[in-house]
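Two chains, two frames, a set of hints: combine them into the complex.
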Amino acid sequence: MSLQLWLSAITDETLEAWANKGLLRRGYKLLDGQTPAQWLLQDEHAQAQMDGFEQQVGGVGFERLRCSCPALGSCHHLLAFVLGLRARLASQLAQAAGSAAPSALALAEPWLIADAQRRKELLGQPALTKAQRWQAQGITAECNLDAQRLVARIDVSGEFTLSIPRAVGLAGSVCSCGEHRCAHRALVVLQLTRQATPEVVAEQAEALNDSQHQALQTLDQWLLELTTLGMAGASAMLVARGDALATTLQQADLPLPGRLLARLVRALDDERLSLVGSTVRQARLQLAQLLAFRRALARTPLPQPLPELAGVHRKRYQPVSQLELLCVGAECWTTASGFAGYSLYFLNPSSGGFYTFSQSRSQALNPGWQATQAFAEDLFCGRPLRHLLGKRCQLLKGWVSSEGRLSGREGSQLQVGEAVTMEELGAYAQSPASRMQVFAEHRRRWLYRNDPQPLALIAAHVVTAPQFERFGQRWQGEAMDDTGQPLRIVLPAHPLTAKAALCLSQPRHGVTLLLGRWTVEGDCPTLYPVVVIDNNGQQLLFCEAR
Amino acid sequence: MNQALDHWLDSWGEWLDSLLATGLGSPSQATRAHIQAWCADAALLGFAVQSEQAERLLQGATSAVQRHQLFLDLLLEQDMLVRLNAANRLLASGETVETAAIQNQSE
Ligand SMILES: [Zn+2]
Ligand SMILES: [Zn+2]
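Those protein sequences? They're chains A and B, same order as listed.
So for the first sequence, the working numbering puts the first residue at 1; every next one is plus one.
So for the second sequence, the working numbering puts the first residue at 1001; every next one is plus one.
Okay, chain B solo, but in the shape it has when bound (with noise of 0.2 Å):
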């Protein structure tokens, strides 16, 4: 329904999983560079909370508990924001066949 907006939970998905993979610790460069990429969609799709928290992720200053903590958050927060989406996807194409219905019966 909205190409960005999937476009970008799947790019948020993806380094996720590469920080699952290697470990919090220490990122990879290409890593580093997704998720500032990720982050300047996230503004752009009005996710600053979520940008914010990405950023902080990525900072020399932040705990390896508070990295933790914001790692779980974005993460818990990416899977319900793709179940949502799921969820009104099918809510819109149930309205695209009911609009192909009704015009079937007036033909």
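Chain A extracted, bound-state conformation (with noise of 0.2 Å):
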């Protein structure tokens, strides 16, 4: 019976999951012409054969379909066979409609494995402990139920989707991973069911593995010797095993700790060969950076999840509906580390922040891709980049992280309105007070983060042209906003930076709103701008595709 109720319950989407979009729709073509009320469909069993080919499945699970034709895994034939069986299987139930039996499974909640022993079977010991570090380290599955099925979402070291329908449980589930017992699976369910029933997941991981562990170790000893013997006594040794540590550091996946020790050996050995004087602040200053991350990695669990600690970039997202969103500008962008990406940027009119939905590659490992080319061709919510831009929109649907970046995701629904008009916009331009709130809130909130700068919008005009400086390598100039503060303007070095740079220093009547990052250098406001807005509309300064 299971077997029927499994099959019944497959989606295309989990179809697509097993195997992939184009296998499917062979599929589908191929069971055109099957006649699949001819097959064999008992209750633990089904067998059928198309193309010369035998299909079967012997119980509920992927792992237990079997084709004989040469291809290895999921092929047309077992997806045509799926379809089938599970086409023949609705039109049997609409036939005896009225029969409570799927009804009275409908809440059934599989993923809840009360019993450590039970789950230990299932899921093996291997996938629960590592779910229980992942637990550990703040990593949660964004789960969503509805009545035939839990489909989750996990963001680690990429994004892996799992579901598992009401059902059967966990013999039928399928996760992208490609596995059939894996940590993404042992995470739903240690994390629904110590939601449920706290008292019954009493397993508390380290969420540091043994390799960090040791490496933690070795730094706390070499941080002893340092301030033992002081910077003054420091040895050429020490400074060796420094740089060494730090390796190891990153190598064990805390590249953060890592970086920072390797900045402070630095220090330490200008110090050491006095090629710099009064490195000993400098030194102190990185000291403190590196010991907070130290420290917060001592705790259990940990105050942040490991990832943001250890210096990964990790996106998790939580679903919003009905969120307003303008439009308001676009731009490609290199960084110093080797990424290029694309960035559209939108601001919500209620709240005054800003949301941002980007695509970003290492140069390196994507030679090919172009961040200009990719924002002329790529879609948002099913729609071109570039007609989204100065238009209001409306995300109907859709998934956004807690730093306001969106995720394009299938499943997002966004209404494209009118373009919006200066006035409206002009409306929420940020007052010099308000900017300094949100940098001083940002700040505060991130003792130890040196995030990209928030963005901001603001009413104001160039009052002095970008030039290049030498010593600085980047063109900076002069605007003053419509308070009469006057703000620095610094375009960095890009291909588009001349033309930028000629861009800002036109003329305008009117009002005109500066879209950038904002910051407070040394005690200076200072603006990157990337879009100009005025009546003419948008002006993107780092992105060619118009």
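Hints were generated in silico from the structure; no laboratory data involved.
Please note: incorrect hints may appear among the correct ones.
If you anchor each label on the Cβ, the simulated ranges turn out as follows [to be verified]: (1) A:SER211 / B:LEU1045: 39 to 47 Å; (2) B:LEU1084 / A:ASP220: 20 to 28 Å; (3) A:PRO486 / B:ASP1006: 23 to 31 Å; (4) B:LEU1044 / A:SER274: 32 to 40 Å; (5) B:GLN1003 / A:GLU159: 45 to 53 Å; (6) A:HIS509 / B:LEU1044: 57 to 65 Å; (7) A:SER401 / B:GLN1003: 34 to 42 Å; (8) A:PRO492 / B:GLN1003: 34 to 42 Å; (9) A:SER362 / B:GLY1046: 44 to 52 Å; (10) B:LEU1045 / A:GLN318: 41 to 49 Å.
Reference listing, derived: stretches of chain B covered by chain A, where coverage requires no fewer than 3 residues with Cβ under 8 Å from a Cβ of chain A [to be verified]: (11) 1013-1024; (12) 1037-1043; (13) 1081-1090.
If we take Cβ atoms under 8 Å as the criterion, some of the chain A residues that face chain B in the derived model are [to be verified]: (14) TRP39; (15) ALA232; (16) LEU287; (17) ALA440.
For every residue, glycine included, the Cβ atom is placed at its ideal position computed from N, Cα and C.
Structural data, given as structure tokens:
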């Protein structure tokens, strides 16, 4: 019976996750000329013949599907097989409408497994251990339930989707990682079971693995020597060991502490060789930053998810609906660490906050990928990005990270309306006080994080055209906002900078809005502009695709 | 915003630098005097715990490992207070600008 329940609950998305879009399409095509009503379908066994090959399934689970064709794993025969069986069961169910069997199971929650022994049997100890470590690191699965199944998204070194049908539970589950017993399943089971009945899931795992513990202990020892000897007494040996340890930390998946240590060691070496005077203060500041992360890593559970503390960028998305978004601009960018990408910027009128849709790639790993080209060709919720610029949009359904990043994942729905008028946009320009507020709150919340600066939309006009500044290797100019506050304008080195500087210095009439990243350098309010908005519309300073 | 506090935080950073430069084994007479003066101010400003920690740092009975821990605690604490102080100052300056802007409008 459970085989039939499983088959009738399988969705196209599940099949796509198990195989892929192309095979699913071919499966449908192959099914066209078949007559599933004549296939063998018993309680725990089903069998068919297509294309001269034999397909069969001996119980719940994709691993039990077999086809005699030479393909490894999934093939379009098996997809046609599953699709055919599902259709046949659906029509049987329709004929037998009124029988109460399915509704009794509608609210089953097979992912709640209170018995630890049973969890171990179903999921395996390695998967459970891994999931426990993830939990200790603050990683959670995003779970959505409907009448048929649970669909969970797990973002840990890549995004994975797991679906578990209510009717048959784990045996009929599919995870996009491709394995049958994975830590993603274990995470979902542990998380939901603990939520439902906290008392039965007591296991508290260590967030760090052995090699991470070892590396951090070596770091503690190294720091003890440093403070005991002092920088003046630091030997070439201590420096060399610090360098090696920085590499060890990086290799133990603690890249941020590794980088911080490498910087500290450089300062130490400079002081030792007396290359620069007064580096002690510099070294102390770097030591403090390293310590802040070291201490945070010593706590259980961790104060922030490990990937953040360890310096790995991760996005955790939450579902949102009916989010109003004014599309205020876009840019293409590159980073010093070798990434290229584009960002599309939105403003939410009711909160004044910004939302971003971005794509980026490592240039070394994706030499053929061009941010400008991707911006010209990519879609957000099925719409070309260029068509959104300047428009009033409503995200009917979507996913957003706590830092305002939008996910373009399937199922997102965006409604695109009229162009936003200059008058309306002008009303959302931030006052100097609110800019300062956002910036200070950001600083206070993340004492030890040098994130990208907050975005700001400022009503201002350029008073001194940006000029190349040889010592800073960047372009710098002056603007004045509409309250009379001066604002430094900085353009980083970029193939389009000269053009951007020219665009900024064009004479303009009426209100001009500058969108950019805003910060305080020294004591000077500073804007890194990316878009100029005036009566002629948006001029993207760092994006050629128009 | 609070000059006494700014001063005291700077002075804290200075003696931390001296200790980091020479090592914790035997602080110089000047550094000892510096720390003792700083401790007196700490008590006035309401940082009794920090003052007590710094005093223990100077005591002969404190072991090398304890000294190291105390030093790291004080170093991190100073750094966090400086960062917090800077963020608070920014907030305060934002309020000042706002007041000025409101005054401009009402004129
Ligand atoms: Zn096949
Ligand atoms: Zn998985």
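Checked hints:
no. : hint                             : in the structure
1   : A:SER211 / B:LEU1045: 39 to 47 Å : holds, 44 Å
2   : B:LEU1084 / A:ASP220: 20 to 28 Å : holds, 26 Å
3   : A:PRO486 / B:ASP1006: 23 to 31 Å : holds, 25 Å
4   : B:LEU1044 / A:SER274: 32 to 40 Å : holds, 38 Å
5   : B:GLN1003 / A:GLU159: 45 to 53 Å : holds, 51 Å
6   : A:HIS509 / B:LEU1044: 57 to 65 Å : holds, 58 Å
7   : A:SER401 / B:GLN1003: 34 to 42 Å : holds, 41 Å
8   : A:PRO492 / B:GLN1003: 34 to 42 Å : holds, 36 Å
9   : A:SER362 / B:GLY1046: 44 to 52 Å : holds, 50 Å
10  : B:LEU1045 / A:GLN318: 41 to 49 Å : holds, 42 Å
11  : 1013-1024                        : holds (count 9)
12  : 1037-1043                        : violated (count 0)
13  : 1081-1090                        : holds (count 6)
14  : TRP39                            : violated, 69 Å
15  : ALA232                           : holds, 6 Å
16  : LEU287                           : holds, 6 Å
17  : ALA440                           : holds, 4 Å
Figure legend: structure checked against the earlier numbered hints; hints not met, in rising order: 12, 14.
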